[in-house]
Structure formats: structure tokens, C-alpha cells
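Here is how the chains run, residue by residue.
Protein chains: 2
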Amino acid sequence: MTKTSVSRRGLGALLGLGAAAAALPAGAHDPAAEAGPVKAPKHPFTTTEAFDASKVPAYKGKHDKIYAHIDAHQAEHVENLRRWVRQRSISAQNDGVLEMAKLVESDLKALGFQETAIVPSKGHPGVWGWFDAGAKKTLVVYMMYDVQPIEPTGWKVDAFAGDLVDDPKLGQVLMARGATNQKGPERAFLNAVASILAVKKKLPVNLMIMAEGEEELGSPNYPEIIGQYEDRLKTADGVMFPMNSQTPAGAVSMPMGVKGIWYVELIAQGGPHGGPKEAEVHGSLKSILDSPAWRLAHALASLTTVDGNTCLVPGFYDSVRAPSAEEQRLANGVLPQWLAEADARKDALKVDRWIGGMTAEETLYENLFNPSFNIDGLVSGYTGVGTKTILPHRAVAKVDVRMVPNQTPQEMMAKFRAHLDANGFTDIQISQLSGYPPAQTSVDAPLVRAAIGTFNKYGVTPTVLPRLAGSAPYYVFTDRLKLPLVTAGLGHGAAQHAPNEYMVIKPRAGSKVAGLAEVEKFYVDLLYALAEAK
Amino acid sequence: MTKTSVSRRGLGALLGLGAAAAALPAGAHDPAAEAGPVKAPKHPFTTTEAFDASKVPAYKGKHDKIYAHIDAHQAEHVENLRRWVRQRSISAQNDGVLEMAKLVESDLKALGFQETAIVPSKGHPGVWGWFDAGAKKTLVVYMMYDVQPIEPTGWKVDAFAGDLVDDPKLGQVLMARGATNQKGPERAFLNAVASILAVKKKLPVNLMIMAEGEEELGSPNYPEIIGQYEDRLKTADGVMFPMNSQTPAGAVSMPMGVKGIWYVELIAQGGPHGGPKEAEVHGSLKSILDSPAWRLAHALASLTTVDGNTCLVPGFYDSVRAPSAEEQRLANGVLPQWLAEADARKDALKVDRWIGGMTAEETLYENLFNPSFNIDGLVSGYTGVGTKTILPHRAVAKVDVRMVPNQTPQEMMAKFRAHLDANGFTDIQISQLSGYPPAQTSVDAPLVRAAIGTFNKYGVTPTVLPRLAGSAPYYVFTDRLKLPLVTAGLGHGAAQHAPNEYMVIKPRAGSKVAGLAEVEKFYVDLLYALAEAK
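Protein sequences appear in the order of chains X and U. According to the numbering used here, the first sequence is numbered sequentially starting from 1386. According to the numbering used here, the second sequence is numbered sequentially starting from 1386.
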């Protein structure tokens, strides 16, 4: 799934930290310096102003009766989370998905949503819910009800048992697939809704739930699902994605945008241009046969400078727009923290240097405001241990472009195809696996100011990032529905897409991480703050 | 294993035909034509003479009593083959290997070899046997007693049961792992020896058996095993590798040489030159991190012309010697058959054209007399279905050079390293997995003439190839021991390294394939022919 990094908080949100693997006997050469990389175009900043989230007024509302109801019903609320994680919903394996959709719908009905529906699509269905509170404002709540497959080893508990585990560092956690990604925070949000209704009999804002069951597959059919409610969704005031946003130290970051992604396979295969068409042949036949693998290597090499850091596809950078004044202020605001964390970031990533020998400051702007072009995978022929001598009939590179405004997948496809054709690589196919444009929300949107103000109320001033280098298909909200989007929430969880995924339920004493009750109170306040926001 | 093609007979021996796989929606472009490939140096022939194996006098010897003994003992002889294939000896999995070595040694002892030994090495042991017949001539018999692992699916019988199966096209076959590669022909040879001894009480030549248990691993320790008997082996008159050399149509080809091989991994990994050193990181980090996969693509592209068909490493072709007059005569001899089979060869390989648009005639010379440079495998990062966005810390290309005289692995390593360094690719490691020089035997060697003469006696005029494009470590015999080497034998088997491997035991009526009894008689005659050869 392309937006892994979205689910990680802090400035570390920009980073996808992997597990350690085999070490390398290292050389001492700097190929990029020799290669003379073409620098990507830079847009000088026009402002030195810095956004400071602590200047956004803290939300002042008090909802003590609702908070008390939440506290009094914690046992029941925890059970609601456990009920959700116990329902398998592995989209990649079609395991329990429809049952989970029905569970979500039935919970919405039980809460009093006037309208609910299982929304058909070409893939797994969506779930729709409409709660008409007679309020002026309407919030769309984006939910995903599917989860990643289970890792074959490493789980300490049954991934679908909903076990509560005492962790010596964190306190009591719910350990289960989906605990934090994303059933825990989603059901916590509905617990908050339940407590508001129990105490006040009405909600401060109308709600539209628009859930999907294919987030872990890259949301291939979410646009189709959205389409069935598009006119109504467009009338809303914003979109919220419930999320455990705190790091283990309690810090929160809020990204105002994501890069888009164009993820394709570049495929070389034998054909009229030469090379075996249907199956590998013996390696000694290279003497008389063309090789798709060699063609792929040359096609790839034609796409970037020799250091691999600048894309040579004509026009690749043309539609990159200069950072807006707001984006510049946000970047200026996070720069000090970015610099302070630079060495730790190198350690965490196990790297000795930044791209092209950039300074840490340059990497912030590169990360935020320039597209990247990455090889995610290469595969051809024999990939096991030792020797096998074959001439593969097929070679594939999985590559992705992370796009910034105003780049588009359609533009990438056209420009890459033209480049390959112009360089004689008409034999290289491009097969798109995923593609959607970037998304951006203004920090001045009432929903965003309400979220920051609510965080401030809880003493957690968020780090507001202009953008994540990671990708998520939020364009459906920001571009198509023209709505601001926030991913927000107190709480902490981790190990998404990994064994022993968890969400903190009752933090240990002294922790700055919110427990479930506080997570729910945050959502209560957020709904009231949005109702009052201007 | 690098010499798969050696085990395949006919002119198809030059080809490694793979199973059909997915088809390709094909374009109509010829990239090589556009790319303007640098042509490899060609050496014009200085003779139009053509070698004709049918002109070698057929062996005239008659050994009717021995033949009768073979016929009378077929049941016992077949059981000997079954006994060998029933003993597992999967070298890659250390499964039964030592037991097989002991079985070989014990069979040699039972035959009357005066000296036998399990020969220790850093890997699986060799087996030595010395039969002093008091004869003038001595034949070294190379044997491999290991087999490939078993394919998980596709076997119609227990691969180690030694089943005799009736095939409607072939007749009765022994179907088992090792049936033809190589236990069947090897034990058939020993059956022949047994019958000679039973009838004549002595052998026409002295025998040195020098078996290894790591052929399927690329013979990494065979040089060490040879070394323990080197002085004695050098006194021999030649080396014979028993082989079922017939195609299903009964034809035989004899290669007088093999190309050498230099099989290495080119490895790009993060380090001081940039990129993550220990583990993959999130793909969005490409914006600020160097990528080993991009570096590998550029390093590969620096190695060949854009069509992938000419190596650009300086000096790569320098030590390629012109074909000798003998090699030219052999090439001229096989050209008519090569041309006649060219279309069928394209069909079998599922290719639309030869390398660089060559003519069929050019491909013969390219195949025989020029080195090739192949990508056997590419692997980096995510290679599964769909999308996963990672920046891999490591990328590996498995590549091989098939060398012709006088190229050497040492030369390749030096020249490739120098090229990569000169082009700024000091960050690319070269890890050698296999490497040995080519090997060549003269068609005029008494052992070779004896083998051709014996084939001619049986009415099977062999196609004598100057060389295989495939590789085998025969240099240990031809270069180190300075002995001629033949791979010879009647008989037919197939599906080496595949399910349902077989050797024909009793061919159906009308078949031109020799059955086991005739295979054994051939070996009897070959030993006498060698004894009489000048």
C-alpha cells in the first residue's frame, strides 16, 4: 500500500524506516559527484515567515457530561474495538471483507444513522452512512474497513483474537491486526459519537461515513464508490480520517498534503524486435539471441542521470509549480525540527549521506517540493542463490514517480512513452499499476484550524507539514470533491503492516500518549470545534 | 548447473530449449537496428574444407562372446542401474551423497578395481578407482554421482523408486532422477566392464575412475579432488564421460570443446557512496536518498551497446583467437545441417529473429567462435504481484560471459573491474560465483578417432561440432591434465533437471535409439578401439 508513511507520525512521517538487513563491505567512492548530476529545478522561497501551530487558538469548549459518559463506558467502548478487530477483513485475500462491511453498516444503524448502505463496486463494497443532525456543518468521515494480510511468523498473539496485552513501556494495548490501521481509531471515533448522542441526543455536525474495503489494495474502486454519492459529498465542509497520530513520545504531526504516485511496470519481453517470446532459454544462446533483460537495463539507464537522481524524461519537471506562500511558511516552520533530527534520521535510515551530497536543509525542500523517481523492484530470470544460466524472456522494473502539484499520471504516461519511443525503446511496455495526482489542503480551512485548535487544547501542538513525500489517494476529496481533508486524532499505535500491530488503550503513568478515553474526547471536541469554526 | 546443454544431443545440443511461458503482445520495432550495434570482431575462414565423420574408419572389432554375455545378463544389468538411481544423492541438499559415494566405491571394488578411495574435499567427496589391466593405454572415466533436486510437482513416479515405465513412443524406459544424468550411462559403462571381465578376465585398457559428487553444484571442488591424483591422471591417454548421446531420432553429435564461463553477481548496495546500507526504506525517500537499483541499471548499461549484444568492456574481445584450421573444418562440416535446421530452431526457441538480424550462417560462427555476455537474472526490492513502494538497499544482476579460447576468468575479472572503476562505478561489487576457461580437444586425438570409429560401426555417424556454446569445467582435463576428452555413448534419455527424467532401456521396434544392451556393447567396443588406436 502506497501510503505507509501516512500512518507514521512525527517528522518521521516523512520517513519509511525499514528493518535492518545484511551489512555491506563499503567502498569509499562518490559516484554522484563524478557523474555530475543534473540538478532538479529549484524554486527560491519568497517568504521567511514561519507557520506556528501554537498560535492557532486552542479550542475552549467543555463537554464534561460527555467526557464523563466516555469514562463511565470505557469497558463497553473497548469491547467495540475488540469486536471490530475480531472480524477478519483481509482485502487481498477476500477474507471476511463482506462480513466486515455489514458489521460497519450495522454499527452505523445502531448509532442512529438515518441512511446506511453497502455500496457495490467492481471490487469490495463501500459502506455509506448519513446522520442528519439538522446542523449547519457536515463532516465526511473517510474510513477503511479492510486490513493487511497476516505475516506468517512473528505474532505473539492470535492476530484476530482482540487480545489486550500489558506492555511494560506502553501500558495496556490492544494487539491485533487492524488495531491502529485503522479499526481502532475509527471505532473510537464512533464511540465518541455514541457518547455525544447518549448525553446530548444530537450531534453538533451532520456526518457522512464513506468507508471502503480496498485501502490496502490501493483503493482501486474508491472513486467509483465516491461517485455514487458525489453530489451529496460535495455539500460537506471537509473530510476527516480518524488516526492515532501520536508518536510514542506523544508528538503529533499533520500533513497538509501528499504527493501523488504513478507506479508502473516497465516490461521488456521477446518479440519481433528479438529475444525469446514465451519462455527462458539456455544462457549460452545469448550468442545468437537478443536479450530482454539487457534492453530493460538500457531503457532504465536512459531515464535518469548516471547517479539515478535526476529524471531525464523531457518535460518531467515542467509542470512542477513553485511552492505557494502557505507551503513556504509551513516549510519554514518545520525546518528547525527537520535540521535538529537530521543526524538521527541518517542513523535510523542507515545512510551515510543524502542524495547527491545535499545538505539537510536542501533535503527538506527536495522531499516536499520536488518529484522523485524510484525503482521499487527489479526482476528477471533466475533470482535465487548461486548460478543458473538462462536467458530470460522477460524483465520487469517496478518504478514509481512521486508527483507534486501540478503533475499528473496522464502526463507521466505520455512523457515516459514519448521518451522511450524517441530513444528506440518501443519494445519496452509500460503497464500502470497505480496512479493518482497529489492532494493538498489549506492550513486555513476551518476544519484544519478546528483540528489544530483541538490538539492545542490537549497540549499537543502539532507539527504541520506542508506535505508528505508519501502518497495517498486523497485527491478524490481535495480535487474531485473540493473538500479540505485532515487526518487527525490523539492516540498511538504502531506495527501497521507488521506482526503485533497495536493501539494503546491505557497508557502507563507518565506517558504523553492519550489512552482510548482521551482519544474519544478529542473526537468529541473536534466535532464541536468544527461546528463552531469559521 | 552451467553445462545443461552438454547433456542434450544433436545440433540441438547448442540450444537450451525452455518450456513455453506467457506470450507477449508484440510491437514491430527493431531496436538493435536503430541502436547501430558495434559488431564483434570476425575472423574470416582460411579453409573451405569440411570435416566428415563418416570418413573416419569404422571400428572393425568383433567381441561376440562379450556381446552374448551382455545379452544374457540384461536383467542383472538393469537392476544395477535401478540400484544406482534408488540411492538418493542430491548434492544441493546433502541428501544421500556420501551413501552414493560409498555405493560407487563398493561397485568398483566388486568389479576388481585394485585401488579405490573416497576422496575427501572441502565439499562432497570424490571417488577414485584404479584398474590396472597391464595394458598400454589408460582411460580416465569422468563420472558424476550426484543429481539435481526433485521438482515439487510433475513427477509421474517416485523419483527414487527406479520404476520401469512403458512409453508408447519410446518403449521401456527407466524413469528416475539420475536415469540419464548421469547414473544410467555411467552404470551401463560399468556393466560393459563387468561383461568384458567375465568373458576375457582382463580389460583392453587400464581404467582410472575419477568421480565427483558436486557436478550439479558447478564442480567447485573437483580441481582439488583431481589434484590428489594429478601425476597419475596425467599419464593417461584420454578422458571419457559416458553419456546417452542419441536424440530420439537416433542422431549423435560430439562437441570437441566447450566455452568457458565467468558467472558473477554485480551488486549495488548502499554505502559511503549513498543509499541505505542495511535494509529497504520507504519508496518516498527516493527524494532524499541515493538508490542502489538505479546505480545497477547504469552500471549494466555501461557494459554493452544499447541492443545488449556487444560488450563494451575495453579489451573484452582482444584475446579471442581466430578459429584453428581444424575448428574451421568442423564448422564447415556442420554448416549444412545448421542451416537446414534454422527455421525449426527459431520455432523451438520461440524467437522471431537472430541477434542483430544476423543470418543463420552468421549465427553458427557467432555461437561457436565468439564470446557472449548474458544477464541470467535481475533482482532488487519488491518482485511480487502489484505495488509495494520501497527503495531497495541492494540490487543484484547475475551475469555470465561464455568465453572462447584464449579468454580466461582472471582476464574478465580484471577488465570488468577496470571498466566499472573507469566509469565511476567503484560502488558496484563483482562477486564471482563460477569461473573456468574453455576447453578444447582435437578431433585427431586417438581417443576421439576411436569414439567416432565406434559410432560409425553402429551406423550412427556423429555430427562433430567444433565447440558447444554451453560450458563445462573440462579444462581440468584438457588444460590441466593435457588429455583429450570425449563425451560419448549410444542411448537416449531426457528430462535432465526436470520431472520424469528417463533413459531408454528397451526401445520400441523400429527405433533408431540404442537400448541398454547396445549401449553397453558400444562401450565394450570403445575400450577395444582405444586400445588399438594410434
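What the hints contain is simulated information worked out from the structure, not anything from laboratory work. Check before you lean on any hint, since a few could be wrong.
A pair counts as met if it fits within one copy or between any two copies, since identical chains are not told apart.
Straight-line distance between alpha carbons at most 27 Å, and here's what the computed DSS-like set of lysine-lysine pairs gives [said to hold, decoys possible]: (1) LYS1735 with LYS1440; (2) LYS1587 with LYS1800; (3) LYS1897 with LYS1867; (4) LYS1735 with LYS1773; (5) LYS1731 with LYS1440; (6) LYS1541 with LYS1773; (7) LYS1800 with LYS1619; (8) LYS1800 with LYS1440; (9) LYS1800 with LYS1773; (10) LYS1445 with LYS1919; (11) LYS1867 with LYS1891; (12) LYS1919 with LYS1897; (13) LYS1522 with LYS1494; (14) LYS1773 with LYS1731; (15) LYS1487 with LYS1897; (16) LYS1619 with LYS1842.
Hints, one by one, checked against the model:
no., hint, result
1, LYS1735 with LYS1440, "neither (36 Å within a copy, 69 Å between copies)"
2, LYS1587 with LYS1800, "neither (53 Å within a copy, 79 Å between copies)"
3, LYS1897 with LYS1867, "neither (35 Å within a copy, 79 Å between copies)"
4, LYS1735 with LYS1773, "between (32 Å within a copy, 20 Å between copies)"
5, LYS1731 with LYS1440, "neither (31 Å within a copy, 74 Å between copies)"
6, LYS1541 with LYS1773, "between (38 Å within a copy, 25 Å between copies)"
7, LYS1800 with LYS1619, "neither (33 Å within a copy, 65 Å between copies)"
8, LYS1800 with LYS1440, "neither (44 Å within a copy, 64 Å between copies)"
9, LYS1800 with LYS1773, "between (37 Å within a copy, 23 Å between copies)"
10, LYS1445 with LYS1919, "within (15 Å within a copy, 109 Å between copies)"
11, LYS1867 with LYS1891, "neither (38 Å within a copy, 79 Å between copies)"
12, LYS1919 with LYS1897, "neither (30 Å within a copy, 94 Å between copies)"
13, LYS1522 with LYS1494, "within (21 Å within a copy, 96 Å between copies)"
14, LYS1773 with LYS1731, "between (37 Å within a copy, 23 Å between copies)"
15, LYS1487 with LYS1897, "neither (36 Å within a copy, 69 Å between copies)"
16, LYS1619 with LYS1842, "neither (30 Å within a copy, 90 Å between copies)"
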